[in-house]
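Undergrad: Keeping their order, the protein sequence lines are chains X and B. Residue numbering for the first sequence follows the numbering used here, beginning at 1 and increasing consecutively. Residue numbering for the second sequence follows the numbering used here, beginning at 1 and increasing consecutively.
Simulated from the structure, these hints should not be mistaken for laboratory data. Glycine included, each C-beta is placed from N, C-alpha and C at the ideal position. Among the hints, a few may not be true.
Unchecked claim - Just some of the chain X residues that point at chain B, by a computed CB distance under 7 angstroms:
1) T47
2) A94
3) F103
4) S118
5) V122
To be verified - Covered stretches of chain X (chain B as the covering partner; in silico rule of three or more C-beta atoms under 8 angstroms from a C-beta of chain B):
6) 125–133
7) 139–153
8) 240–251
Stated by the list, open to error - To give an idea of the interface, some chain X residues facing chain B are shown, with a C-beta separation under 10 angstroms as derived from the structure:
9) V19
10) V25
11) A95
12) P116
13) G136
14) E184
15) S193
Single-letter residue listing:
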Amino acid sequence: MSGIITQRAGSAQRRESQVGEGLLVRVLLILVALAFLGVFLVAPIATVFVAAFSKGVGPYFAALAQDDTVEAIKLTLLTAGIAVPLNVVFGIAAAWLISKYDFWGKSLLITVVDLPFSVSPVISGLIFVLLFGARGWFGPWLTDHDVKIIFAVPGIVMATTFVTFPLVARELIAVMQAQGSDEEEAALTLGASGLQILWRITLPKVRWGLLYGVILCNARAMGEFGAVSVVSGHVRGLTNTLPLQVEILYNEYNFVGAFAVASLLSALALVTLCVKKIAEWSASSRQAKRDASSRALSPVRAAVSLEGVVP
Amino acid sequence: MRFKTRGVLPGFGLSLGYTVLYVGLLVLLPLSAMIIKASSLGLSEFWLKVTDDRALAAYRLSFGSAFVGSLLNAVFGVLVAWVLVRYRFPGRGIVDALVDLPFALPTAVAGIALTTVYAEHGVLGEQLAKIGVKVAFTPLGVTMALTFIGIPFVVRTVQPVLEEIDPDVEEAAAVLGATRFQTFRRVIFPALLPATLTGFALAFARALGEYGSVVFISGNMPMRTEITPLLIVTKLEQYDYAGATAIAAVMLLASFGMLLLVNLLERWARRAEA
Numbered sequence: 001m002s003g004i005i006t007q008r009a010g011s012a013q014r015r016e017s018q019v020g021e022g023l024l025v026r027v028l029l030i031l032v033a034l035a036f037l038g039v040f041l042v043a044p045i046a047t048v049f050v051a052a053f054s055k056g057v058g059p060y061f062a063a064l065a066q067d068d069t070v071e072a073i074k075l076t077l078l079t080a081g082i083a084v085p086l087n088v089v090f091g092i093a094a095a096w097l098i099s100k101y102d103f104w105g106k107s108l109l110i111t112v113v114d115l116p117f118s119v120s121p122v123i124s125g126l127i128f129v130l131l132f133g134a135r136g137w138f139g140p141w142l143t144d145h146d147v148k149i150i151f152a153v154p155g156i157v158m159a160t161t162f163v164t165f166p167l168v169a170r171e172l173i174a175v176m177q178a179q180g181s182d183e184e185e186a187a188l189t190l191g192a193s194g195l196q197i198l199w200r201i202t203l204p205k206v207r208w209g210l211l212y213g214v215i216l217c218n219a220r221a222m223g224e225f226g227a228v229s230v231v232s233g234h235v236r237g238l239t240n241t242l243p244l245q246v247e248i249l250y251n252e253y254n255f256v257g258a259f260a261v262a263s264l265l266s267a268l269a270l271v272t273l274c275v276k277k278i279a280e281w282s283a284s285s286r287q288a289k290r291d292a293s294s295r296a297l298s299p300v301r302a303a304v305s306l307e308g309v310v311p
Numbered sequence: 001m002r003f004k005t006r007g008v009l010p011g012f013g014l015s016l017g018y019t020v021l022y023v024g025l026l027v028l029l030p031l032s033a034m035i036i037k038a039s040s041l042g043l044s045e046f047w048l049k050v051t052d053d054r055a056l057a058a059y060r061l062s063f064g065s066a067f068v069g070s071l072l073n074a075v076f077g078v079l080v081a082w083v084l085v086r087y088r089f090p091g092r093g094i095v096d097a098l099v100d101l102p103f104a105l106p107t108a109v110a111g112i113a114l115t116t117v118y119a120e121h122g123v124l125g126e127q128l129a130k131i132g133v134k135v136a137f138t139p140l141g142v143t144m145a146l147t148f149i150g151i152p153f154v155v156r157t158v159q160p161v162l163e164e165i166d167p168d169v170e171e172a173a174a175v176l177g178a179t180r181f182q183t184f185r186r187v188i189f190p191a192l193l194p195a196t197l198t199g200f201a202l203a204f205a206r207a208l209g210e211y212g213s214v215v216f217i218s219g220n221m222p223m224r225t226e227i228t229p230l231l232i233v234t235k236l237e238q239y240d241y242a243g244a245t246a247i248a249a250v251m252l253l254a255s256f257g258m259l260l261l262v263n264l265l266e267r268w269a270r271r272a273e274a
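Using the sequences plus the hints, can you model the full thing?
TA: Following this line, the structure appears as structure tokens:
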């Protein structure tokens, strides 16, 4: 999914083809596409909100105010509060590394960074059980020292961090690679330090990509189900995150409660999509500005181009 | 040969060290723990565990429904990408944003929502029940859930390629007397094929491992509607760590295979573009 923002950035000035389908075919194709998305996307997301408010506003808020649910909200916030900053720092470091340098083993590193995407969430939980579970590698040592990781909060945080860790990095790598390093190299020749370049040039340049990466990482951290379900042990009020609370309430046939909690997570997902849309707009307007300025300045730019000047 | 081959900005050592340490601790160490655990089983025991009837039924369901779901996505994904890139209609921006929903929506939420929609008394389930189609708690329901979570992949890989296709070639085809359908089949579709296959493979890989959105709608009957990730969880809950690890190793191997395939497809797509 990486590079969506940047790949789509150049599309603004596409010339329309002079040949096309007739009106009837167009309308038909649009309707079929909308029907497909309606059945698979709109119906489920609408159902969440309809079911959550099916008994009215009062029961909705009563369901959210239940003790277990409040505890689940707290644990979810805590988990995301640890996992997201860790992955943001990693994402910036990895994106800087991959987009600013060429080095031996780079493509291997990119593949490894993407690994958690191709691993089943269940396996993502299992690997931590095998490491820290009662019969895992470090299990006996942990039991001796009375440290609980599996079926406790640390395991949930670890599994969540594992599952969400490529998200910020992938967004930033795509954006940074698309933007290039001209400004950074110019700053370097003017005497800026590495930290100054990162803070004053690179991060402002990628801010929308970074924001989307953070928001997506946060939404996924708060919504992770499979991996967390394997390591949590489902102790009510203690090791239940919001998605696990959804499962418990649903299995108890408390549908209003389950969908009320689900509506919180759905709202978060919708906000994430909005941020992505804004990030795309800003990327394409930035691209348009760059195109315009490079057309205007191209002879000047060619004269002062850093290529060849910098070793 | 120098280790670093290009790049003048400072911070190479720091960012390399930090990235490798983080990836090593968080990803490579736990994954290798699993591989070592699986290989400690011994070949005959491993084989016995990964080929018992229940496991075979789970693979069949997982691979089969993931394949059908991704195939649906390949067809409709190209259509949706086409409509979004080529046509202007009210609400296009919203539809475009909504395509990413399965990527942002927690899988458990998707699971209970799909189950509610397609249950016998659900909005769409009721209509389907009238024509004799049962979705929830059948393999068809599993396929529906796996289709849902795969939607963004084909659309998002095909969209940029479609935007890059030069209108000249279509006009040339039309001038030479091709019908619109011929132009699509002979000119546009070959250009989209690598991206479509990449999207298909990505959706398939994601569907193979999917857990949250499936467990609610599948009904989880062993031998019939039990997907492989669920079988792993079941074995874990019975403290059968060896069995869970063995089946997980098979799934991990399948995902690595898919990852390799996606890389090859992307290389092919790049060459096709050049």
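Undergrad: Taking 7 angstroms as the limit, does the beta-carbon of S118/X come near enough to a beta-carbon in chain B?
TA: 4 angstroms, holds
Undergrad: Apply the coverage criterion to the stretch 240–251 of chain X and chain B: a residue qualifies when its Cβ sits closer than 8 angstroms to a Cβ of the chain, and three qualifying residues are needed.
TA: Coverage by chain B holds here, the residue count being 6 at a Cβ distance below 8 angstroms.
Undergrad: Under 10 angstroms, Cβ to Cβ, is where G136/X needs to be relative to chain B, so tell me if that hint holds or is violated.
TA: 8 angstroms, holds
Undergrad: At a threshold of 7 angstroms, is the proposed contact between F103/X and chain B supported by beta-carbon distances?
TA: This hint holds: F103/X lies near chain B, its Cβ roughly 5 angstroms from the closest one there, short of 7 angstroms.
Undergrad: Count the residues of the stretch 125–133 of chain X with a beta-carbon closer than 8 angstroms to any beta-carbon of chain B: does the count reach three?
TA: holds (count 7)
Undergrad: Does A95/X pass the interface check with chain B, least Cβ-Cβ distance below 10 angstroms?
TA: 9 angstroms, holds
Undergrad: Do at least three Cβ atoms from the stretch 139–153 of chain X come closer than 8 angstroms to Cβ atoms of chain B?
TA: violated (count 0)
Undergrad: Hint check: is the beta carbon of P116/X less than 10 angstroms from a beta carbon of chain B?
TA: 7 angstroms, holds
Undergrad: Given A94/X as an interface hint, is its Cβ closer than 7 angstroms to any Cβ of chain B?
TA: 5 angstroms, holds
Undergrad: With a cut-off of 10 angstroms, does the beta carbon of E184/X approach a beta carbon of chain B closely enough for the hint to hold?
TA: At 6 angstroms from the nearest chain B Cβ, E184/X passes the 10 angstroms test, so the hint holds.
Undergrad: Are V19/X and chain B close enough, Cβ to Cβ, to be under 10 angstroms, as the hint says?
TA: 4 angstroms, holds
Undergrad: Please check whether V25/X passes as an interface residue: C-beta within 10 angstroms of a C-beta belonging to chain B.
TA: Since chain B brings a Cβ to about 8 angstroms from V25/X, closer than 10 angstroms, the hint holds.
The structure does not agree with numbered hint 7 stated previously, though it agrees with all others.
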